[in-house]
Amino acid sequence: MKKLVALVLSLVLCLSLFAFSANAEVEGVKLGVILLHDENSTYDLNFINGVNDAVAALGLSEDQVIMVRNIPESQECTEAALDLVDEGCNLIFANSFGHETYLLEAAKQNPEVQFCHATGTMAHTAGLANFHNAFAAIYEGRYLAGIAAGMKLNEIKEAGNLKGEKPLMGYVGAFTYAEVISGYTSFYLGAKSVCPDVQMKVMFTGSWYDEIEEKNAAQALIDAGCDLISQHADSMGAPTACENAGIPNVSYNGSTVASCPNTFIVASRIDWSPYFQYIVNQVAANEAIATDWTGTIATGSVVLTDVNEAAAAAGTVEALADVKAKLEKGEVKVFDTATEGFITVGGAAMTSYMADVDTDAAFEKDTEVVADGFFHESEFRSAPYFDAQIDGIELVNTAF
Amino acid sequence: MSEKKNNAVQEPLFHLSKRAQIQPWKAWAIRLAAIVLGLLVCGLVAFILIEKLNQKPEKITDFYYSFIKGSFSTKRKLWKFLKNLAILQCISLAVTPAFRMRFWNIGAEGQTLMGVLGCITVAFYLGGQVPNWVLLVLMFIAALLYSAVWAVIPAIFKAKWNTNETLFTLMMNYVATFVVSYFLVVWVPSGSSTLGKLKYGKLPSFGHEYLVIILVVALLTVLLYIYLKHSKQGYEISVVGESVRTAQYSGINVKKVIIRTMVVSGLLCGLTGYLIGAGLDQSVTTESVGGQGFTAIMVSWLANFNPLVMLITSGLISMLNSGAAQISQDFNVSGALPDVIVGIILFFIIGSEFFINYQIIFRKKGHEKEAVK
Numbered sequence: 001m002k003k004l005v006a007l008v009l010s011l012v013l014c015l016s017l018f019a020f021s022a023n024a025e026v027e028g029v030k031l032g033v034i035l036l037h038d039e040n041s042t043y044d045l046n047f048i049n050g051v052n053d054a055v056a057a058l059g060l061s062e063d064q065v066i067m068v069r070n071i072p073e074s075q076e077c078t079e080a081a082l083d084l085v086d087e088g089c090n091l092i093f094a095n096s097f098g099h100e101t102y103l104l105e106a107a108k109q110n111p112e113v114q115f116c117h118a119t120g121t122m123a124h125t126a127g128l129a130n131f132h133n134a135f136a137a138i139y140e141g142r143y144l145a146g147i148a149a150g151m152k153l154n155e156i157k158e159a160g161n162l163k164g165e166k167p168l169m170g171y172v173g174a175f176t177y178a179e180v181i182s183g184y185t186s187f188y189l190g191a192k193s194v195c196p197d198v199q200m201k202v203m204f205t206g207s208w209y210d211e212i213e214e215k216n217a218a219q220a221l222i223d224a225g226c227d228l229i230s231q232h233a234d235s236m237g238a239p240t241a242c243e244n245a246g247i248p249n250v251s252y253n254g255s256t257v258a259s260c261p262n263t264f265i266v267a268s269r270i271d272w273s274p275y276f277q278y279i280v281n282q283v284a285a286n287e288a289i290a291t292d293w294t295g296t297i298a299t300g301s302v303v304l305t306d307v308n309e310a311a312a313a314a315g316t317v318e319a320l321a322d323v324k325a326k327l328e329k330g331e332v333k334v335f336d337t338a339t340e341g342f343i344t345v346g347g348a349a350m351t352s353y354m355a356d357v358d359t360d361a362a363f364e365k366d367t368e369v370v371a372d373g374f375f376h377e378s379e380f381r382s383a384p385y386f387d388a389q390i391d392g393i394e395l396v397n398t399a400f
Numbered sequence: 001m002s003e004k005k006n007n008a009v010q011e012p013l014f015h016l017s018k019r020a021q022i023q024p025w026k027a028w029a030i031r032l033a034a035i036v037l038g039l040l041v042c043g044l045v046a047f048i049l050i051e052k053l054n055q056k057p058e059k060i061t062d063f064y065y066s067f068i069k070g071s072f073s074t075k076r077k078l079w080k081f082l083k084n085l086a087i088l089q090c091i092s093l094a095v096t097p098a099f100r101m102r103f104w105n106i107g108a109e110g111q112t113l114m115g116v117l118g119c120i121t122v123a124f125y126l127g128g129q130v131p132n133w134v135l136l137v138l139m140f141i142a143a144l145l146y147s148a149v150w151a152v153i154p155a156i157f158k159a160k161w162n163t164n165e166t167l168f169t170l171m172m173n174y175v176a177t178f179v180v181s182y183f184l185v186v187w188v189p190s191g192s193s194t195l196g197k198l199k200y201g202k203l204p205s206f207g208h209e210y211l212v213i214i215l216v217v218a219l220l221t222v223l224l225y226i227y228l229k230h231s232k233q234g235y236e237i238s239v240v241g242e243s244v245r246t247a248q249y250s251g252i253n254v255k256k257v258i259i260r261t262m263v264v265s266g267l268l269c270g271l272t273g274y275l276i277g278a279g280l281d282q283s284v285t286t287e288s289v290g291g292q293g294f295t296a297i298m299v300s301w302l303a304n305f306n307p308l309v310m311l312i313t314s315g316l317i318s319m320l321n322s323g324a325a326q327i328s329q330d331f332n333v334s335g336a337l338p339d340v341i342v343g344i345i346l347f348f349i350i351g352s353e354f355f356i357n358y359q360i361i362f363r364k365k366g367h368e369k370e371a372v373k
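First to last, the sequence lines map onto chains A and B. Position one of the first sequence corresponds to residue 1 (the working numbering), numbered consecutively onward. Position one of the second sequence corresponds to residue 1 (the working numbering), numbered consecutively onward.
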């Protein structure tokens, strides 16, 4: 009996040693993560999963990561960041747009600690060496998702089942805001690249998460004759409306195939794990973190879920793999202004565009972003700034 | 009913009777027992819900230590605790005069939010254009004005047409939220609806940055105590609260008292809004007050509408909140768990008030019914 106990104890000891042996290369890093909400929000869940994946990939130990949840966009965010500094964190990340000005305060007070902020816009003008922004070129993912949508529309068209004369897509957006505009435009362009006569209606809900409003908006678009729906909002509202009406859906943030087996085609999402790995490695190696970091398909930050072959058009998987490779190599540009008739504003080609890249009180359009035959999205800063209203997309309403 | 039949009816195992009076030490003993019991139940729930605790039961000490750690383990946490206490106390003070009058104002959330909006409106339009002290004074006036107006609207309706103040003030909260949303859309044309921290209009500080807020609220607590207990107006409030008829009979202008008291409530909400807007956030969002306007109702009630006792109840609730957040952090569990824990403890605390007001009398052997004291 004693032997058995000894054996079990030593086994436990070995296992626990194994489990807690941190990766020596990243030993000196302690990561603090500030979250606006908790697991119940798909937005925050995506970050929590990103952290957990990065922790597993890098072999970080349990006490090298602290997550604080439900931190509002107020002085509380500064407090939370300073608290994390007290806890010994030398790398602090916050995930909500409104956290930025409050995180900046903490960054000013602690120059030796690195602060990273997702979706923000101020790092390149703040003049702080320890404050960084990050985003992902999700427009690449949406472009691919748009191709899947366009192929589905072609299939419906060939079968003679279009509701109207031309293929029409519906898009449920949260706010009339650059991040959303960039998203639906790239989705539309993806569809247009395979289905040239496609048109799109966009309806805004005025909220990032409102299941009922999103469902109603999707239903209204379906009633208005849309053949396919996509969305940029965080709830299950639009996918559910599509499943009920039997209308194909291209989703966002994650696969909805479990609840929508007949209509879910594919979804794009941002994977934050590569960024977390990047910042932890940079701090461990005592190297500088990029002021603006834009994750792409090539870095593994923009990903597509598995295609649901039950709903998607035949050949979708192969077509997506093909275009994905071209995007990675830079052979295909999403906001291609060179190809005639692809992107037009008021009937004219887009040859020049001034975007509001630097944050200022007047929201001045300050930077020329069209060059070399394409719109340079997410290059002058990581957060999207494409906010042009291009032809072929009709806004049913606006919500700022 | 005949004597016989009455005897045949079985006396229940226990019955409740209202206590005529209870000694203060007994009441506090019951409250304390309730908190201890609540903490024990929390521990049990934590065992079920927290995986880490399941694997290592000895970590239960860490669980309970979190309640102290959350508020007192570092100097920064202590200041934060005092700041949270002060803000919650300030809103609780604001709702108290109306409650003593039995005017059920549950609109402190919206009234305070309007105060924040008022002071940030001034900071947004005039920031950088007038000297800082002028800006701060104007922000202060705007905060008081916005909140007082928001509070006095339901009061006028109550005084003139006897509308239900509970529903009215509740609805005004939602209206206030949408008014803030509206201005955020107007002020932030990029569409993000996020104003961010403004550059101008920060309340000056000395010592620690929260010290001014804490001192202001401490002073206010004493002043309100004196106002309610020792002033003529405070007495009028109590009389109207006891009985409107009595108040009318003794020549008190009830309408005037209702409106005046709600103005006082509104002004206090405005001051809280100013402390949040100018002293802390330098910005406004729909979440600026974050539900504290509702928590304040409980704080005030549990303290029996006594401003001094409120320091204890608001301190207790602030401590519970930070402790629960600390548990979520230390055990890496979902943000919903803190709410569950705070909910359980509050359930026990509120439940204990029942046992303070009523006593349970068990059936006695020998079937003797005696009057029980």
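Simulated from the structure, these hints should not be mistaken for lab results. By construction, the Cβ of each residue, glycine as well, lies at the ideal position given by its N, Cα and C atoms. One thing to keep in mind: the hints can contain errors.
[Said to hold, decoys possible] To give an idea of the chain A side of the interface with chain B (calculated C-beta under 8 Å), a few residues: (1) D63; (2) I66; (3) F97; (4) G98; (5) T101; (6) G160; (7) T176; (8) D360.
[Claimed, not checked] Derived Cβ-Cβ restraints for the label pairs, each shown as a range: (9) A:E287 <-> B:T166: 57 to 67 Å; (10) B:L37 <-> A:I212: 33 to 43 Å; (11) B:Y125 <-> A:Q109: 51 to 61 Å; (12) A:T398 <-> B:M171: 40 to 50 Å; (13) B:N162 <-> A:G164: 55 to 65 Å.
[To be verified] 20 Å max Cα-Cα, derived EDC-like pairs, lysine to aspartate or glutamate: (14) A:K329 <-> A:E379; (15) B:K59 <-> A:E105; (16) A:K166 <-> A:D391; (17) B:K202 <-> A:E105; (18) B:K199 <-> A:E165; (19) B:K56 <-> A:D360; (20) B:K256 <-> B:E236; (21) B:K75 <-> A:D86.
Do the hints match the structure? See the list:
1. D63: violated, 10 Å
2. I66: holds, 6 Å
3. F97: Given a least distance of 6 Å, the restraint on F97 (chain A) holds.
4. G98: holds, 4 Å
5. T101: With Cβ-Cβ at 4 Å, under 8 Å, it holds.
6. G160: violated, 40 Å
7. T176: Holds, because the Cβ-Cβ distance from T176 (chain A) to chain B comes to roughly 5 Å (cut-off 8 Å).
8. D360: violated, 11 Å
9. A:E287 <-> B:T166: 57 to 67 Å: holds, 60 Å
10. B:L37 <-> A:I212: 33 to 43 Å: holds, 40 Å
11. B:Y125 <-> A:Q109: 51 to 61 Å: violated, 29 Å
12. A:T398 <-> B:M171: 40 to 50 Å: violated, 27 Å
13. B:N162 <-> A:G164: 55 to 65 Å: holds, 57 Å
14. A:K329 <-> A:E379: holds, 16 Å
15. B:K59 <-> A:E105: violated, 35 Å
16. A:K166 <-> A:D391: Between K166 (chain A) and D391 (chain A) the Cα gap is close to 15 Å, so the pair holds against 20 Å.
17. B:K202 <-> A:E105: holds, 13 Å
18. B:K199 <-> A:E165: violated, 54 Å
19. B:K56 <-> A:D360: violated, 52 Å
20. B:K256 <-> B:E236: Holds - the C-alpha atoms of E236 (chain B) and K256 (chain B) are around 10 Å apart, at most 20 Å.
21. B:K75 <-> A:D86: This hinted pair holds, its Cα atoms lying about 10 Å apart.
Hint check: violations occur at hints 1, 6, 8, 11, 12, 15, 18 and 19; the rest are consistent with the structure.
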